[in-house]
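Colleague: In the order they appear, the protein sequences are chains A and B. Residues in the first sequence are numbered from 888 upward in steps of one, following this note's numbering. Residues in the second sequence are numbered from 2 upward in steps of one, following this note's numbering.
Wrong hints could be hidden among the right ones.
[What the hints assert, rightly or not] One-sided excerpt, in silico: chain A residues whose CB lies under 7 angstroms from chain B: (1) G902; (2) Q986; (3) G1036; (4) K1128; (5) N1129; (6) S1132; (7) R1270; (8) D1273; (9) V1352; (10) K1358.
[Said to hold, decoys possible] Distance condition first, Cα-Cα at most 25 angstroms in a straight line; then the derived SDA-like pairs of lysine to any residue: (11) B:K73 / A:N905; (12) A:K1128 / B:D70; (13) B:K772 / A:E1323; (14) B:K276 / A:Y1367; (15) B:K126 / A:N905; (16) B:K437 / B:L380; (17) B:K434 / A:Y1367; (18) B:K437 / A:S1378; (19) B:K437 / A:E1323.
[Claimed, not checked] Stretch-level coverage of chain A by chain B, calculated; a stretch enters the list once three of its residues show a Cβ under 8 angstroms from a Cβ in chain B: (20) 928-942; (21) 945-955; (22) 1308-1319.
Think of the hints as simulated: they come from the structure by calculation, not from any bench. Because the structure is a prediction, the values reported are computed rather than measured. We put the beta carbon where it would ideally sit given N, CA and C, even for glycine.
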Amino acid sequence: MSILLNQSYVPFDLGEINPNTTVLEWLRSNQLVGTKEGCASGDCGACTAVVGELVNINNKDLIQYKSINTCIALAYTLIGKHLITVEGLSEGEDLHPVQKSMITENGSQCGFCTPGFVMSLFALYHNEKSLDSTKINDALSGNLCRCTGYKPIISAAYKSFREKEKGQLDFYERNQSEFVEALNGLKNQKNINLRFNDGNKTLLFDAPSNLNDLSELLSENPSANILAAGTDLNLEITQSKNEFSHIVSVNRVSELKQINEQDSEIEIGAAVSYEEAKSVLVKNWPDLDSFLERFASLPIKNWATIGGNIANASPIGDMAPVLIALESKLKLRKGVSSRIIVLEDFFVSYKKTLLEPSEFIESIVIPMPSNGERLITHKISKRYEDDISAVCMAINVKGIESSSLSVKIGMGGMSGIPQRATELEKVFKESWAKDELLEAAYEALNREFSPFTDVRASAEYRLKVSAGLAKKSSLMLQGYAVEDLAHFSESKS
Amino acid sequence: MGVNISQKAQNLGQTKSPVGLPLQHDSARMHVQGSAQYIDDIAEPNGTLHVAFALSNVAHGKIQSINVDDAKKAQGVHSVLIAEEIEHLLIGPIRHDEPILASKEVLFFGQAIAAVLADSHDLAKKAALLVSAEIEELKPIVTIQQAMKAKSFLDDPIVVSSGDSKSAIKSASNQLTGSLEIGGQEHYYLEGQVAISIPTEDNEMVIHSSTQNPTEVQHLVSHVLNVPQNAIEVVTRRMGGGFGGKETDASQLACVCAIFSEKTKRPVKARLSRKDDMLLTGKRHDFVANYEVGFDDQGLIKGITMDLAARCGYSLDLSMAIVSRALFHSDNAYFIPNATFTGYLCKTNTASNTAFRGFGGPQGMLAIENIVEEIANTLGLDPLEVRRSNFYQKNENNVTPYSQVIEDNIISEITDELISDSNYHSRRKEIDKFNKDNRYLKKGLAFSPVKFGISFTTQFLNQAGALVSIYKDGSIHLNHGGTEMGQGLFIKVAQVVANEFGVDVSRVKVSATSTAKVPNTSPTAASSGSDLNGMAAREACLRIKSNLINFAKEYFDASESAIKFEDSTILVDKKQIPFDEFISLAYLNRVELFSNGFYKTPKIHFDPATQKGRPFFYYSYGACVSEVIVDCLTGEYKLLAVDILHDVGASLNPAIDIGQIVGGYIQGMGWLCSEELKWNDSGALLTTGASTYKIPAIGDTPERFEVKIKPHISNHENTIHKSKAVGEPPLMLAISTWLSIKNAIFNANNENISGLNAPASFEQVFFSLNKSS
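The following block holds chain A by itself, in its conformation from the complex:
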C-alpha cells in the first residue's frame, strides 16, 4: 500500500485508511497542508497535485507526470504511483522555475489557489518542450483564481519556459532513473485487496490487475461500486457524504487500458483516460481536437476514463453524443460472457443503462472514418473552459460529395439521456444547404425533444440554440468561416 512521495525514493506507506479517503484528505491529515480544498468537487484546482506513472515507450521505462484533482481522487488509487505536491518542488531554499516565475510576475495575490497553479505549471513545464497560448489554457483550464485575473499567471508560464530553454533541469528530470527504479520496486503490489475496519464495519477496496479477476470479483460482488477514475462517482463521498462499503477499482486492469487501432475500427479500453485516447481520436477525427479541449479541465481529462464517462450515463457527458454520431459500439462483459451493444441503445433512461448487475464495459469500438466523412462537434456552455454542456451536438456526415448523404447526429443535454436526433438527421439530410434549415431544424428538434429547464439553460434556449448549431454545421460544410468562438483568435484569423 505504498506510493512514492515528493523527493524521496523510499516508499511511503499510505497507512490504514478508510478506502473512501481522498488524496487531499490524506495529504492534509499527514501535515502536507500546502494542497488546499477549494470546492471538493474537482472544479477549482486548488487541490491540484501531480501524479507520475511508469510507462514503457520504445522499450524504455519512463515516468509520465500529470496533474490531477486530489480532492476527488481516492488515496488507494495512487498505490504504486509517484505523488508530487507543492511541498516537493523546491530544493532547499532554491525554488523551482515555475515558483520563481510566479513570484516575479506577481502571479499570487491571496495565495490560496497558488499551490494548485504551481502544480499545473510544474506539469506543463515537465511535459512540454515549447509553449503557446493553447497549451497554457489547456494546462491551467482546471485552475480558478479569483484575484489575479490570470494575466500574470500566463506571464509566469512563459517566463518559466524561458528558464527551461536555458537547459535547466528540475529535481525530477535530473533524477528520473532513480524514480523509475523506485517505481519498479513498487510493482509487486499486484492484486490489491484491502480491508478496513472503522470500529463498526469493514470497508473493502479491491483493485484487480487483470480482466478475469475483475469479472470474477464483480460476479461475486454484484453490489460493489465500480470505480474507474471516480471524477463523478467520488462526488458522492465529498459532496453527498456517502460512504462506499465495497469499491472495485478498474484502474489497474491492464486489458482495460489498451487502445487497438485496426483497419476498420478502433477499440479503446474502458479504463483509458481522455488524455491517453486523445491522440488516436484526434488523428482520425481532427474536429475532436478543439472539442476535447473544451471537454473538461486537464486534471479531469488526465484521470477520467471513457468507459466511466459512458457507464455513468450522464445526459450531459460530452463523449456519448460524439460516439453515438460515430455509430460506436460497446463491448460488455459479465462473468465469462461478452456481448456487443450499439451505443445509442445502451442508454435507457436518466442514469439507467443496459448494464446488468456484475456487468461492466470492457471497451468502446468506433468504426474508422470513411473517405470524405466529416465530424462536426459543438458545445454550448456558460463558460468555454471546464464547464458542463447545456447542449452538446455531434454531426457525422458521409457522402457529401455524392448524392447519397448519410447523417448521424448525437445530442447531449436535450433529454434524460445522450440521444440520437433522428428527426433532425432527416431534415439536415434534406435541406442542409438551404436557407430554411434553421426553422426546419427547430421544428424537427421540437418534435423529438422536450428538454428541461435548469441552471445551465432554459428548454427554449436548448431547442433554439440546437437549431442554430445545425445551421452553423451546414455553413461549415459549405465552407464558411463560422467556427465556434471558443477558439476564435484575431491573430489566427
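With chain A's structure known, arrange chain B on it following the hints.
Modeller: Just chain B, lined up with the frame of chain A:
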C-alpha cells in the same frame, strides 16, 4: 505584464525610497511553496472539535420542531446546538437582526437551524445531514419584483436628488424609459469561511478568523458570550480572498465556535464546505433599475428619475450603506442637473446580501452607463461622444446630485489618452466593415469611464490605528488594523514604514492583524486599507522618529536638520551609523522605540436627512475600451480586446496596483458575463458550486489586454504619499465589456436598443439578439 516604468521613477525625489517601487507581495514566496498558513492549515491544538451546520431546506416557514436525536447518536458527535440554547442569539453588523441559528422561523433556504459538534469535520458534516426539522411552509418572497409588490422592505427608501427631474425630463426634446435587471454575484473566495476558537483562561478566548473585520468578530463574540471585549482576542493573518464576503459574514462561524468552546472548554473549529458557504452567506445585491430620462438631440442629459431596488435578503446587514453607494454612483462621471435617485431595500427570503467589491457602486454605475448607451443608440450617435458631452466639467457642471463639488476631475484627460492609445476610432471603422461583411458574426466596441468615491460613507469608520515597534536588533514590527486578503496591503504599509526610517522593506515584518495590538479597528473595506492604515503607520513612525531625533540631537550634539535616515543608516552631520547600531544605542539610552499612530480622514461630512454633503475625500478615475465578437446563431461571444487606463494617484506600489486593476477588471467581467445566480420559485438557490456557478477561467483572459496606470499624477488630496485607493474602482471598468456586447447586439439590428440585462449569459444574448419585436 507591463509595470509602468514612469511610475517607478516617480518617487518623490528620493532615490532609494521603497515607496513607489513595484515590490512583490510579502507572502509571495510562501504562497508558491504552499507554506503560507491559512486557518485550516494551522496545526490543530490537542482536543480540537469541529462544527457543521444543519441547513434549512425551506425558504420561509415556521419551525414546529427540530429533531436532533439521530445526529446526537451519530459517530463522533459530542453535542448539537439549537437556537433555544443560545442566550444571546441575535447578531449583525448594524442591526442585531440575524439569529446565529434560526429560531421559531426560517427566513431563507440554507439558513442554519442547528450546529453539530463532532470529532472531525467529516463526522460533523455527516451528522448535520441527520438533523431534520418540521417546518410549516409559508410563501416566500424571492424576487425584487415580489418584494416591491408586497412592499416588503427592511427600511425606508433612500432618495438622493437635485433639481427638478420630472419637469426637466418633460421639457427635454427626447425621452426614454426602460428597465434593467442587474444580477448579483457570489464572492467565490477560494478559501471558504473558517474560524477556530481556543479558550485560554479566565473566560478568555483567542479566535483565528478569516475575516476582514477582526474587531467586529471580537465584539460579537464578546456579546454572545456576555464577556467584556477585552477577554476576546481575534487574530487574522491572511484570508484566501475576501472581496467583501468576509466583512460581516465571518462572524456567525466565530460565534458558534466560541459558544461551543465556552461549553466544552476545548478548541473548536468550523469551516464551511463550498456548498454550505454559497447557501449560507450573502452575495452582491442584485438590483432592478427603472428609469426615465430626458435629453436633447446631442444626447445631453437634462434630467433622470431612477428607482434602484435591491434584493437585500432576510436581514439588514450592510444594505443601507450599499444602496446609498449605488445612489452615489448613479451619476458616474456625468453631470446630471436634475436627478432623482430612489433606492429601495427589498426584504426577501434569501441569504442576507452583503458587501462585495464596489459595494453597490457597480450597480448604480451600470444603470447610468446603460442609459447613456441607449441615448446614443436612440439618436444614432457614437456612444463615446454622448459620454464625453455629458462628463462633469472642471469649473462648472461639477456638482453631484448629493452636493459634493468635484475638485479632482481628470476624466477627460484619461478618456483622451485611452481613446488615442486604444485606436478607438479606427477600430470603430474596422468593426463597421466587419459587421457589413459578416451575417452571423457581429462585433461590438465600447468605452466606459469610472469615477468612484473613496471613503466609508459611514463617517466613523474613517479612522485607523497602527502599532510600530523597533526591537533592539533594529528589526521593525508593524501592526495595523488592516487585514491582508491578497490585495497587498501589508507590503504597501511596510513600504511606507521602511521609507520613514530609510531602511529596506525586508527589515519590516508585518504580522497577523490582532485586536490585542490595535483596538476598535474598521473593516478592511471600501478600498480604504492603505489610505487609512498607511497614514496611521506613518504617524506611528513619525512619533518614534521624533524620539530618535531628539536623542540624536542630544547625544551627538547635532542640529535636527543634520540628522537623516537613509540607506539603512543614520546620518548625523557626516557621521554614518548603521541603523541597527543606532537603535541599539538608543535602547541603551532609554529611548522609547515603539509607538502607536492614529489617523482620521479629514474634510468629509454628510447629512443623512438631506442626503447632502461631502461623503468622499476624493475620487478615483479610470476608463476602459472593450471589443467583443458575438455569434448570432448561438448567442456565444468572445472578448477580443481590453484597453485600460486607470488612476491610482502616485502609486505606492505599481506591481500591486496593476494586480488590483487586472484582477478587479476580470472579477467585474465575471459579474457581468458568465456568473449567474439562480433560484427556483420556492427560493432555493440552485447555483451552489463551481460546476454551476461559473467565475472567469484562464481562457476568458482577452487576447489583447493592455493595462496602464495613468502616469505622472498624484492625488489632489493629502493622502499617503499622494496615492489613491485601488481595491474596488477597477471592477467597474468591466462595464465597458458588457456595453460592447450591447453594442454588438445593436450592430446586428439597429432596432435593438434595449433588452440586454446583466449578466449577459450566452442565453440572454441569444434572446436579446432574436427578440421578437
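Colleague: For which of the previously enumerated hints does the structure constitute a violation, in increasing order of number?
Modeller: Result: hints 1, 5, 6, 14, 21 and 22 break, sorted rising.
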